[in-house]
Each structure stands twice: as structure tokens, then as C-alpha cells.
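Trainee: Sequence:
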Amino acid sequence: MSDLDRLASRAAIQDLYSDKLIAVDKRQEGRLASIWWDDAEWTIEGIGTYKGPEGALDLANNVLWPMFHECIHYGTNQRLEFVSADKVNGIGDVLLLGNLVEGNQSILITCVFTDEYERRDGVWKFSKRNACTNYFTPLAGIHFAPPGIHFTPSGA
Numbered sequence: 001m002s003d004l005d006r007l008a009s010r011a012a013i014q015d016l017y018s019d020k021l022i023a024v025d026k027r028q029e030g031r032l033a034s035i036w037w038d039d040a041e042w043t044i045e046g047i048g049t050y051k052g053p054e055g056a057l058d059l060a061n062n063v064l065w066p067m068f069h070e071c072i073h074y075g076t077n078q079r080l081e082f083v084s085a086d087k088v089n090g091i092g093d094v095l096l097l098g099n100l101v102e103g104n105q106s107i108l109i110t111c112v113f114t115d116e117y118e119r120r121d122g123v124w125k126f127s128k129r130n131a132c133t134n135y136f137t138p139l140a141g142i143h144f145a146p147p148g149i150h151f152t153p154s155g156a
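For the sequence shown, the UniProt record's numbering begins at 1 and goes up steadily by one.
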């Protein structure tokens, strides 16, 4: 594996990591479906395992999106390990902030993602993702609001 191929692969995998977070936050079905191999598995501990692009959409449409009015993921600490030229293991941390539908309150969730990526026919996609939740903490009495909702300009 050349240094250039390793760098290009690393960039493609970092995009996949971000694409998953963006797709869930922005409710983009096409983006979400495009990042999984047909035989991929996405497991969220305590919720279940979902297979392939269809499973990812099932999880989003029937579990994640109905849970939140809106949410935002912050991904960090991503570390990649090349197992071979076409297989990479990854780990990363995620902080999710959002407003739950139930109870109309805000929540803080932190997870560790352990991932497996595979390159097939020159394309990198997820082959496996496991989400292990560290914290699932409703923020009592707090509801995240958009900018300006609590601000009244002087002289108004």
C-alpha cells in the first residue's frame, strides 16, 4: 500500500464517519443508505443489529428519527488501523445533543463507535459499526432552543 493510497483511504474513511453523523442529523436517507455494504451490520447495544442500507434506513426511520425533534452529533477521537490495504478498523467517540420527542426535553448521549471499513472495487464503505452508549442523560428542565429565541434586541 503506497503512502498516497493510505492517505486517500484515510480521507475517504473519515468522510464515511462524518457522512453517518450528518445523515442522521439532517435526516438524509440517500446519504445514510450510501455508506453501507449490503452485508454490513450496524449494532446499537441495547437496541439491536440492523443489516445493510435497508437496515440503516429502518433504524433511522423507526427508532432514531421518531425519538428526536432534532439532534446533532459531534464526532471526535477517530483512530484508524489498517488491517490490510482493503480493511480498516476504527474507533471514535461521539457526543449527541438533542431534543427528545417524549417529554419535549433535551438529552446528552455519549457513545464509542467501533467500526470496520472495507474497500471493494475501489470504494470504501462500512462493513460493521458497533455503538456502545456510555451516557444517556435527559437534561431535566432544559430544552435546547435556536439562536435568538431568548434574545430581544434593545429598543424593541
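Rather than coming from a laboratory, the hints here were simulated on the basis of the structure. Be a bit skeptical, because a hint or two may be false.
[To be verified] Cross-link-like lysine to aspartate or glutamate pairs, in silico, EDC-like; alpha carbons within 20 Å at most:
1) LYS51 to GLU70
2) LYS26 to ASP121
3) LYS128 to GLU102
4) LYS128 to GLU41
5) LYS125 to GLU70
6) LYS51 to ASP5
7) LYS87 to GLU102
8) LYS87 to ASP39
9) LYS26 to ASP39
10) LYS87 to ASP5
11) LYS51 to ASP19
12) LYS128 to GLU70
13) LYS87 to ASP58
14) LYS26 to ASP5
15) LYS125 to ASP5
16) LYS128 to GLU54
17) LYS87 to GLU29
Trainee: Identify every previously stated hint that the structure contradicts and give their numbers, smallest first.
Mentor: 1, 2, 3, 5, 6, 7, 9, 12, 13, 14, 17
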